[in-house]
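A.B. asks: Chain by chain, the residues run as shown.
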Amino acid sequence: MRNVIRLIWFDLKPELKPPVWIIMEWAIFLVQVGVYGAMLSQLVTGIEDYRKFFAVGLVIMITFDMASHTGRHFVEHAHEGRLPYLLSLPISRAKLFLTIALQGGAELALMLAVPLTVTLIIIGNLTWLSVIAVVLALFWLGFGIAGLMLGLSFIAFKSSDLYTAIVTGLSTIIIRFSTVLYPIIFLPSYYESAARISPLSYGSDLIRFILGFDPTILMNPIYAAVILAALAASTLGLGVFLIQRLVEGVKSA
Amino acid sequence: MPAVETKNLSKRYGKVYALKNLDFTIDENEIMVLLGPNGSGKTTLLLILATVLKPTSGQANVMGFDVTTQPTRVRQILGVAFQEARGFWRHKPADILRFHASVCGVAKTERESAIESILKDLELWDARNKLFMHLSGGQAKRMEVSKVFVQRPKFAILDEPTSQVDLRGKRKIWAQILKLREEGSTILVATNEVREAEYLADRVTVLDKGNSVVCDTVRQLKDSITGGDIVELEIDTSDMQTLRNALGQIEGTVKIINASSNHLKAYVSMAESWVPKMTDICYQRKARISSIRVTEPSLDDVFLHFTGRTLRDGDT
Chain Z
2 MRNVIRLIWF
12 DLKPELKPPV
22 WIIMEWAIFL
32 VQVGVYGAML
42 SQLVTGIEDY
52 RKFFAVGLVI
62 MITFDMASHT
72 GRHFVEHAHE
82 GRLPYLLSLP
92 ISRAKLFLTI
102 ALQGGAELAL
112 MLAVPLTVTL
122 IIIGNLTWLS
132 VIAVVLALFW
142 LGFGIAGLML
152 GLSFIAFKSS
162 DLYTAIVTGL
172 STIIIRFSTV
182 LYPIIFLPSY
192 YESAARISPL
202 SYGSDLIRFI
212 LGFDPTILMN
222 PIYAAVILAA
232 LAASTLGLGV
242 FLIQRLVEGV
252 KSA
Chain A
214 MPAVETKNLS
224 KRYGKVYALK
234 NLDFTIDENE
244 IMVLLGPNGS
254 GKTTLLLILA
264 TVLKPTSGQA
274 NVMGFDVTTQ
284 PTRVRQILGV
294 AFQEARGFWR
304 HKPADILRFH
314 ASVCGVAKTE
324 RESAIESILK
334 DLELWDARNK
344 LFMHLSGGQA
354 KRMEVSKVFV
364 QRPKFAILDE
374 PTSQVDLRGK
384 RKIWAQILKL
394 REEGSTILVA
404 TNEVREAEYL
414 ADRVTVLDKG
424 NSVVCDTVRQ
434 LKDSITGGDI
444 VELEIDTSDM
454 QTLRNALGQI
464 EGTVKIINAS
474 SNHLKAYVSM
484 AESWVPKMTD
494 ICYQRKARIS
504 SIRVTEPSLD
514 DVFLHFTGRT
524 LRDGDT
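Note that the protein sequences, when read in sequence, are chains Z and A. In terms of the working numbering, the first sequence opens at residue 2 and continues consecutively. In terms of the working numbering, the second sequence opens at residue 214 and continues consecutively.
There may be inaccurate statements among the hints.
What the hints assert, rightly or not - List time: in silico SDA-like cross-link candidates among lysine to any residue, alpha-carbon distance up to 20 Å:
1. Z:K18 / A:F519
2. A:K367 / A:Q497
3. Z:K18 / A:R341
4. A:K343 / A:A307
5. Z:K18 / A:S349
6. A:K367 / A:F278
7. A:K343 / Z:L212
8. Z:K14 / A:G461
9. A:K478 / A:R416
10. Z:K18 / A:N342
11. A:K228 / Z:K14
12. A:K220 / A:D308
13. A:K321 / Z:K18
14. A:K333 / A:S349
15. A:K499 / A:Q454
16. Z:K14 / A:K333
17. A:K305 / Z:P15
18. Z:K96 / A:K343
19. A:K367 / A:M346
20. A:K220 / A:V427
What the hints assert, rightly or not - Examples of chain A residues toward chain Z, derived with CB under 10 Å:
21. I463
22. V467
23. I470
The hints are simulated quantities; they were obtained by calculation from the structure and are not laboratory data. Backbone N, C-alpha and C fix where the C-beta goes; we use that ideal spot for every residue, glycine too.
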């Protein structure tokens with residue numbers, strides 16, 4: 002386990018010197034909520050204080066970005082020649098996958114520290130219980146998205162440009178056709194069907210449920226929890242399977 | 214028991230075999246050099262032994278551990294310097310070595326002194342706090358092999374350890390490899406540099422198209438070539454083919470090949486008696502000899518002898 006921590010810290014350290022990207026992400030969040038969110042809450046009349054709804058949506062979007070980044074990070078490992086080195090270290094494959102997942106989790110935690118705190122303050126629900134519940138839900142969502150992106154990273158394994166294009170396109174679709182920014186009850190039927198497929202809908206509505214939003218405007222939280230757990234388990238399983246098949250080359254066996 | 218052993222080892226990428234039914238052994242405390250052109254399967258074999266790739270079929274054992282079923286045990290005793298010195302662009306050499314040494318279990322008390330000693334020996338000390346991305350190609354390569362020298366593993370794998378490194382740097386790396394062997398390590402070096410193979414090898418395995426063509430000591434390999442002496446000639450003549458046929462009749466001639474239009478390479482048994490006869494024939498046929506060079510065969514000649522191609526031909 003010590004080697005897992007060493008590897009995470011070794012990879013994370015240069016990104017924190019200095020942590021410009023994290024501070025920029027926090028600043029963008031604060032501007033989005035403080036300016037854009039405040040304006041929107043005056044324009045949107047269907048929900049009481051849309052800014053709260055919007056802030057949770059932004060937290061979900063950051064989670065999605067960071068989980069995508071984990072997949073991209075893996076592609077970069079392969080493209081930059083780091084992957085064979087990592088695979089040759091005296092760390093079992095299971096621990097190596099754990100390292101990738103935990104590093105993604107650590108980056109996500111750093112990135113969300115300020116946005117999540119601010120969101121909970123705006124909502125008026127900054128308690129230990131809410132923090133733990135939300136972090137757990139976000140972790141599951143991040144796990145699922147990271148697994149999905151790991152799977153995708155293998156589709157685009159030979160080209161990081163192609164991977165970027167796919168993820169950009171996918172993020173546009175997954176975020177817009179979801180309940181991240183709009184409650185499901187206000188969506189037209191054709192749009193609602195698409196939103197029910199997006200994993201982000203389940204992640205965002207589960208967190209809103211935990212934080213005490215009106216359940217009548219949300220998707221069923223039990224379904225959401227089950228679907229997020231299934232997504233995390235299946236996509237990570239897919240990621241491990243693909244790593245073994247394509248990186249280590251057992252595909253040809 | 215050999216330190217490393219493969220039996221019927223094959224690796225297939227789609228329909229192409231990178232390795233085909235390879236039987237191969239390395240004795241304990243031996244430097245085995247894999248010699249072969251690019252695409253001969255050297256790197257694939259190294260990656261399988263390093264547990265980075267899995268074989269399509271066959272078996273490979275390192276110090277008694279199966280690379281497929283006990284990969285973590287294998288990783289605990291090996292150190293690898295990869296062909297491409299890439300990866301941790303935003304890290305500093307000293308930090309990379311510190312990380313590597315700690316993950317590979319080098320005792321904390323020995324780490325700093327080992328890192329300092331290797332960085333100084335390989336002339337990387339002044340660059341220790343530069344970012345990896347700012348190192349030159351040669352420095353990056355020296356950095357890559359430094360990991361193995363700091364780790365001092367039981368089984369070391371070095372893939373083209375001195376490519377892109379200048380002669381001075383090569384000699385320092387070779388000295389470190391020999392020192393590692395003196396300390397008891399078993400070492401596998403892949404290269405397509407003949408001089409490196411001759412300098413380091415206890416034994417050489419010649420790989421070609423995923424097969425082991427021959428394996429022996431450098432001396433034995435050279436002696437195994439019939440016509441141990443090589444006479445290289447540069448001749449100006451209007452009829453090279455006829456002259457070549459005439460030279461082929463001299464006693465002790467094993468074979469003569471055209472290295473280029475005016476350059477012949479003769480494999481002969483006794484150069485000291487062959488050369489005077491050759492000069493007589495050239496004089497009679499009014500062929501002007503502009504250069505004569507007598508050499509013993511190189512490992513390139515060994516490769517040519519056993520595969521019918523030169524190491525450089527094999528690259529293409």
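A.B. asks: Hint by hint, note whether the structure agrees.
C.D. replies: These are the hints, each one checked on the structure:
1. At roughly 55 Å between alpha-carbon atoms, K18 of chain Z and F519 of chain A are farther apart than 20 Å, so this suggested pair is violated.
2. Between the alpha carbons of K367 of chain A and Q497 of chain A the distance comes to roughly 62 Å, so the proposed pair goes past 20 Å and is violated.
3. Between the alpha carbons of K18 of chain Z and R341 of chain A the distance comes to roughly 18 Å, so the proposed pair stays at or under 20 Å and holds.
4. Only pairs whose Cα atoms come within 20 Å are accepted, and K343 of chain A paired with A307 of chain A is accepted, the gap being roughly 9 Å.
5. The straight-line distance between the Cα atoms of K18 of chain Z and S349 of chain A is roughly 23 Å, outside the 20 Å bound, and the hint therefore fails.
6. Taken as a hint, the K367 of chain A and F278 of chain A pair is honoured in the structure, with Cα atoms around 13 Å apart against an allowance of 20 Å.
7. Taking the CA atoms of K343 of chain A and L212 of chain Z, the gap is about 48 Å. The hint is violated against a cut of 20 Å.
8. Restraint check for K14 of chain Z and G461 of chain A: the C-alpha separation of about 69 Å exceeds 20 Å, so the hint is violated.
9. Of the pairs offered as hints, the one joining K478 of chain A and R416 of chain A is violated, with about 26 Å between alpha carbons and a cut-off of 20 Å exceeded.
10. Distance check on the hinted pair: K18 of chain Z and N342 of chain A sit about 15 Å apart at the alpha-carbon level, within 20 Å; holds.
11. For the given pair, K228 of chain A sits about 43 Å from K14 of chain Z by alpha-carbon distance, which is inconsistent with the 20 Å threshold.
12. This hinted pair does not check out: K220 of chain A and D308 of chain A have alpha carbons roughly 39 Å apart, beyond 20 Å.
13. A distance of roughly 25 Å separates the Cα atoms of K321 of chain A and K18 of chain Z; the hinted pair therefore is violated under the 20 Å criterion.
14. With a C-alpha separation of about 17 Å, the suggested pairing of K333 of chain A with S349 of chain A holds against the 20 Å cut-off.
15. Proposed proximity of K499 of chain A and Q454 of chain A is supported: the alpha carbons are some 14 Å apart, at most 20 Å.
16. Taken as a hint, the K14 of chain Z and K333 of chain A pair is broken in the structure, with Cα atoms around 25 Å apart against an allowance of 20 Å.
17. Proximity of K305 of chain A to P15 of chain Z is assessed by CA-CA distance (about 10 Å); at most 20 Å being required, the pair is judged to hold.
18. Our distance criterion of 20 Å between C-alpha atoms is broken by K96 of chain Z and K343 of chain A, whose separation comes to about 30 Å.
19. Of the supplied pair hints, the one linking K367 of chain A and M346 of chain A is violated, its CA atoms being roughly 30 Å apart against a limit of 20 Å.
20. Pair hint K220 of chain A plus V427 of chain A holds up; C-alpha atoms about 16 Å apart against a cutoff of 20 Å.
21. Given hint, I463 of chain A at the interface with chain Z, is violated; its Cβ is 52 Å from that chain's nearest Cβ, farther than 10 Å.
22. Interface restraint check: V467 of chain A against chain Z, minimum CB-CB distance 42 Å, threshold 10 Å, status violated.
23. Here the hint on I470 of chain A is broken, as its CB sits about 38 Å from the closest CB of chain Z, past 10 Å.
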